[in-house]
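Peer 1: All chains should be modelled from the sequences, with the hints used to inform the complete structure.
First to last, the sequence lines map onto chains A, B, C and D. Numbering-wise (our numbering), the first sequence opens with residue 1 and increments by one. Numbering-wise (our numbering), the second sequence opens with residue 1 and increments by one. Numbering-wise (our numbering), the third sequence opens with residue 1 and increments by one. Numbering-wise (our numbering), the fourth sequence opens with residue 1 and increments by one.
FYI, nobody ran anything at the bench for these hints, they're computed from the structure. Ideal Cβ placement from N, Cα and C applies to all residues, glycine included. Check before you lean on any hint, since a few could be wrong.
To be verified - Partial selection, computed: residues in chain A whose CB lies under 7 angstroms from chain B: (1) 94; (2) 96; (3) 97; (4) 131.
Stated by the list, open to error - Cβ pair distances, simulated, as ranges: (5) D:54 with A:196: 32 to 40 angstroms; (6) A:171 with D:113: 50 to 58 angstroms; (7) D:94 with B:25: 45 to 53 angstroms; (8) D:55 with C:297: 34 to 42 angstroms; (9) B:312 with C:202: 33 to 41 angstroms; (10) A:171 with D:54: 35 to 43 angstroms; (11) C:350 with D:93: 35 to 43 angstroms.
Unchecked claim - Once the Cα atoms are required to be at most 20 angstroms apart in a straight line, the calculated SDA-like pairs of lysine to any residue come out as: (12) B:308 with C:150; (13) A:130 with B:389; (14) B:162 with B:144; (15) C:181 with B:162; (16) C:413 with A:210; (17) B:7 with B:223; (18) B:88 with C:90; (19) A:214 with C:150.
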Amino acid sequence: MHEVFRDHPIREGSLIYFAGIDLGSTMTKVVIVDRDGKTLSSLVGPTGAEHRRLANKVMADALMRADLSFDQVSYVVATGYGRINIPFADRQITELTCHAKGISSLFPGVRTAIDIGGQDAKGLKIRNGKLIDFVMNDRCAAGTGRFLDVLVGTLGLRIDELGEISLRATHKLPISSTCTVFAQMEIMAWLSQGTPLPDIVAGLHDAIANRVGKMVKKLKIEPEVVFTGGVAKNIGVVNALQEYLGLKVSVPAEPLLTGALGAALLGKELTLKAMAEGKPIHEKELRLAESTFFHTENH
Amino acid sequence: MTAKGKKGFARAKELYQDRSQRAKELKAEGKKVMGYFCLYPVLELFTAFDIVPYRILGDMGEPITKADSCLPTIVCPFIRSALDLGLKGKYDFFDGVVMCHSCEVGEKAAHIWRIYMDPSYYHFLDTPHTVHEPAQQQFKGQLEDFQKTLEALTGKKLSAGKLKDAVDICNQQRVLVRELYDLRKSDPPLISGTEIIEVMVALMSIPVNEGNALLKQIIDEARGRTDGPQKKPHRLLLWGTVIDNTALVEMIENAGANVVMDDTCVGSRAYFPMVEPTENPLDGLSRRYLVDIKCPRTFREAVYGDPKKHYIKDLEHRFGYLKDYAREWNADGVILQSVRYCDIHGYDTPGLSDYLNHIGLPNIYIEHDYSEGALAPLRTRVQGFLELIG
Amino acid sequence: MSEEKKKKAMNRLKTMYPLRANIDQAYERSVEATKAGKPTAWSMVNWWEADPILKAMDIEIVYPENYGAVCAAIGSAQKYLDRSDAEGFPTHMCGYARNCIGYTAEMTELGHIPSDAPMGGMSNPILLLSSGALCDARIKWFQSLGRYLDAPVWTVELPHPGVEESQMPGVREKSIQFMVKELRELVAFLERLTGRKMDWAKLEEITDDLIEINRIWYEINEFRKVRPCPMHSRDFWSCMNASLYPAGDPKVSLKLYRDMYDEVKDRVANKIGAVENEKYRMVFGELPPWHALKIFDELAERGWNFVVESWAYHAPKPIDYAKISDPLERVATQTYQWLTGYFPDALKEKEYMGYFAYPYLEWARTYQCDGALFHPLLTCRTATNHLILAQDRLLNKLHVPSLIAEGDIVDLKLFDYADTMRKAVVLEEMMDHYKKVRQEEGFEW
Amino acid sequence: MALIMGMDIGSGTSKGVIVRNRKPIAYHLLPSGVDYRAVAQKLREELLAKAGLSIADIADTIATGHGAGNVAFSRHRVSDILCCARGITSIFPSVRTIIDVQRISTQVIRLNATGHVINFTINEKCATGSGCFLDIISHVLQIDLKDAGPLSLGSGNPVTFTTGCAVFGESEAISRVSEGASKEDILAGVHRALANKISTLVDRVGLEMDCAMSGGGGLNIGLVESVEKKLGFKLLVSEQPQFINAIGAAIMAENGVEMGGSLPEPGSTIIT
Ligand SMILES: Nc1ncnc2c1ncn2[C@@H]1O[C@H](COP(=O)(O)OP(=O)(O)O)[C@@H](O)[C@H]1O
Ligand SMILES: Nc1ncnc2c1ncn2[C@@H]1O[C@H](COP(=O)(O)OP(=O)(O)O)[C@@H](O)[C@H]1O
Ligand code: SF4
Ligand code: SF4
Ligand code: SF4
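Peer 2: Right under this line is the structure:
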């Protein structure tokens, strides 16, 4: 059940391609770009316990959509939580740097970026397209996409409905539990009292926005602020965050993909730089071995 | 002395992996082994009485189970871990323990240790919080009392000569540790951050003179080695709470940096300050331990009694030595790390970060649970930091 | 149960009201004084070690620790906590400290007291007086305010010898002399800082009054050993600040405490309890959940009387200070006595945490308690560290069961009323059981 | 004696029993869902139907558990800790220590010879120490709760869980899978982590034999065996461990009647 985005027709002339693969805790994202940095194809699939082992399968799908073979991809940068588990990657770069890159390519004036993914939330301080400082949360699932993922089940909703539903709220409920699991209990209590769903959902969005907003404030936020990561698809959280920060927040058209996009672009930069300097792009043997492995898996 | 199979680094590693082996051997030979907590129980006094000092540490690889029945979970997990090992009988070979007022939880845990473990010898040193003259005198008085209880325990009177000899031996160790640390100045360093931890933990598990011999072997070995650490894009300074396990440094070093210098209490903080020889050795000792050990547990002001205060001067006074470390060891970034729930280090981090920013040293603060396995999320942070400093 | 009966379950002391009002007024007066430009020191609660000195030099004292409680009670702490987080201070640190750091950061940024600061705010201090007593926050927190304030920080030492070590020859004298030397330095420093001279006569007077206040306050609490206990913890908390901080004019406080003494004595003589049908005599550990004080009414209806509280809020065991002529030495001795007063008894029982944990044992015994209710303050290590130990000692040495009901100093919402009640009824069953055990084993109660 | 209905409206499942003379004569369980009030109503109806009784046959209904306050037709709620004690004692009179593993909390309860509670401790605030942790991991491994226990028994090498968070335990499980750990090993790891927590709780209240496990956790053979292994002895587990609290609630009502009141024994609060 992969979503596929083919943004551009494949162009004849460009011979080399770059892939970024963002193996997140929840979603696996692949973006393939050409030497001009144009996105040729992108793919989003759930990570799941099995998918992680089959990162190359996801990659293969993305290649297929782009009508490319793995040989045509010059450089693969892996990022995301599972970046070390991608055997065919040429290099691993953290999602911090990749998001900064991806976002800057879409919003050249960005100075602060907020990324809320499935397992963590990050604040990035960016100047002239470069990451200069960051904050991250960890440990507690509250304040991450996981918070919502866990709670949608309780509410009997789908994750992609949350945003719309929350817009109908008349009164945002305060959620006091910091723990995801206990917030769940709290919500159940509200539900049993007949509290309207929109109010609860809006309360959850506020809870996330407050937690993440508070953390990102450490960076001394300056506009333009861009909000990315899967949770940015949720209009409710976007609004709550804008309200909390008192600032307008921009969201990329495809927020899930900025990490993978950044990874692909970084791979492109590294390659073009190496080519310009006449240096080898990557260690040949390793690369060959991996690609054979890759092909056998696919045929 | 028993014949030891391994030497140098291999021996240090062996001791790191099985800390108590040597202490237990010595105990079997009739020596007393004394556990001590934190840095303030003066090593010279143990050494002068021919007692084997054995630093009480935790174990990041072992889940804490027993300690939760006497200490709440919202306190320093290092202390909880140490207490847990004690309650599990891992420190049963001690002939006694010496605890101190390291920090609030350290002090409470000391008393709890005594209540639950009931060691046959126990002494508590109430390290003052300031470094002023009266505080030094107070600390000296405490050392006199400590000496008295050791005399009562051993039945031996301590002569000034013996204590002076002990000061010499311990100072020798400090000189050797500095020499070892100097070998981290080259690029690549001759010793990795991981190895340093193994060596330091080993030193804290054996008598000082044996530690000196071990250090000499290690220094020789390091000088001639070809299998040392690789050159890496970054050289880091590591500040913070106790690090007695290699996992964290290993994670950092695997992320693409060499840890070339540290300011933690299983490292330079413990060994760099020297004892000045004084007529009454306790004067030099009380000054060295109370004043010269630069742990954030102690309150110090830039100028004593100055009714004016300048923030940067204050920071310079408290953290200036880190600038020297960074310069001498050529570090291009600083990792400020703390175990969760450490108030002592927690209050200092924003100020220290201000200072490092002021002198232009990139830095990052990371907090961990004192658990080997929970380091994964930190890896991204460290790697991101390295990418950020280029 | 009728409304009428509910009101009657707890019987508050009449003399509590003027004393509480006096404390509140003192707070307001202090705010006004500092607003009017009187030199102000921010001070950690220091158990009378430095307060008399500051008072004698006519320096107004505000206690940011107490201010944290005020902000929490009014519900405005969250903003300051968030600010402290944003400033990069770890969130696990003391809630009062974080409240203060956030407040200070905001005040410095604005250049004046935030207009919405509760109770008029705390004005810019000339001095930050830390204390080495009891917790790390109290030494480290003011130093960390150096980011925002240019006021110098001074740390007052208070030795914490171990129980056995405290009894070694000379330790007491050396410790007190150490404190005296440090206090003398503090006086000299304050003279330089303010350009004023110390008024020694005034210091003597304040010291004497304080010692007397503490003595009477101690005696009042001694009356609570009687069955039925004449004074509930609610009254204790309402009045303790006149001793602890010491809030208000000592002369006024002294008179009000004397009145209270009379009323309590009278209740004892007439066997009037603070709770109707006293069934369970309880120890309360640490500070109560200020937002849920009504729980004490519900418990009072079930026969729970709270007869004694944490050691840290109580006055020292009285000793004779008459022979000490130097007022600084008297001050130091009283504070040292507060900290170590229970040590000799603790040593006899081989209890090595002579403060915090041991007094619970002594009190459970002398106040004949059936159980204890502990309310740990999650971010305050000092108030939480020893509770499990205290529970264990109470149960295993005295057969007194206890309950820990979670809460926090600034996040008052953390206290779960319903859940605490759910556990409290179970504690009743435990108390019934252990009462039998104590009787079987020949305990007095 | 009259028939009494005991209800345990848990955070995960709602359990109802009808008890006569301390013996349950009918059981029924429903997922709690989100509406406690409705589930309590439905549970009552279905339970009565199962037992072939009508409301008029039931002398009293008494509720316990997380959602007890929502049982509109019961006048009294009782503390689940006391219910657990009464319930266990009615089945295993020799029990002195109970390990009650519910969905959001795990509690260890100590009893005296008369079955009264003399100490207890609860692991809560963080979901790691309770059944919930298992639910989360089973969910991510796409394993039915029923199968988690038996499956874990086949593990040769349980993984060590290190994160303190139940929700992140999930991520840890995922990454372990990606490192090649089997589902069996992961489940066994969760059981072991829970067993460690439980042993800490047991240490805190002080163990006395016999020791029983109750609550939904008792249904999980893998968990039971891990705890047994950790503690070094066999646990008593009744046939219907999940119903213990509901049974106990009914027994409390019976006790109250026996003690001469129409109320359940002390330890109850009126639902207002
Ligand atoms: N269509 C959607 N609407 C709202 N939220 C979504 C949507 N798709 C994904 N999410 C949220 O995004 C999160 C995953 O974000 P992602 O950035 O991919 O994280 P990670 O990189 O950790 O996998 C999920 O936890 C989910 O909550
Ligand atoms: N069939 C089953 N097999 C194994 N474990 C189960 C089963 N059913 C429930 N559980 C476990 O029991 C827990 C629920 O226990 P229960 O006592 O019903 O809790 P609550 O009363 O809070 O709903 C679940 O979290 C789950 O881990
Ligand atoms: S509180 Fe909840 S979300 Fe937070 S760490 Fe614990 S289980 Fe996880
Ligand atoms: S890490 Fe901090 S809290 Fe722990 S022992 Fe050290 S100073 Fe104390
Ligand atoms: S930690 Fe506790 S004792 Fe220390 S300052 Fe905070 S509230 Fe006060």
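Peer 1: Indicate whether the distance between the beta carbons of residue 54 of chain D and residue 196 of chain A respects the range 32 to 40 angstroms.
Peer 2: With a Cβ separation near 36 angstroms, residue 54 of chain D and residue 196 of chain A satisfy 32 to 40 angstroms, so the hint holds.
Peer 1: Residue 7 of chain B and residue 223 of chain B: Cα distance at most 20 angstroms?
Peer 2: holds, 15 angstroms
Peer 1: Given residue 96 of chain A as an interface hint, is the shortest Cβ-Cβ distance to chain B below 7 angstroms?
Peer 2: holds, 4 angstroms
Peer 1: Keeping to a limit of 20 angstroms between CA atoms, is the pair of residue 88 of chain B and residue 90 of chain C held or broken?
Peer 2: Violated. Residue 88 of chain B to residue 90 of chain C sits at ~31 angstroms, over the 20 angstroms cutoff.
Peer 1: Verify the CB-CB distance for residue 94 of chain D and residue 25 of chain B against the hinted window 45 to 53 angstroms.
Peer 2: holds, 48 angstroms
Peer 1: Classify the hint on residue 97 of chain A as holds or violated, based on whether any CB of chain B lies nearer than 7 angstroms to its CB.
Peer 2: holds, 4 angstroms
Peer 1: Do the numbers back the hint for residue 131 of chain A, that is, is its least Cβ distance to chain B under 7 angstroms?
Peer 2: holds, 5 angstroms
Peer 1: Could you grab the alpha-carbon distance between residue 413 of chain C and residue 210 of chain A and see if it respects the 20 angstroms cut-off?
Peer 2: Distance ~17 angstroms between residue 413 of chain C and residue 210 of chain A Cα, so the pair holds.
Peer 1: Can residue 94 of chain A be said to touch chain B, with a Cβ gap under 7 angstroms?
Peer 2: This interface hint holds because 4 angstroms falls under the 7 angstroms limit.
Peer 1: Between the alpha carbons of residue 214 of chain A and residue 150 of chain C, is the straight-line distance 20 angstroms or under?
Peer 2: violated, 27 angstroms
Peer 1: Lying within 35 to 43 angstroms: is that true of the beta-carbon distance residue 171 of chain A to residue 54 of chain D?
Peer 2: holds, 42 angstroms
Peer 1: Taking the CB of residue 55 of chain D and the CB of residue 297 of chain C, does the distance hold inside 34 to 42 angstroms?
Peer 2: holds, 36 angstroms
The structure is inconsistent with the numbered hints 15, 18 and 19, although it conforms to all the rest.
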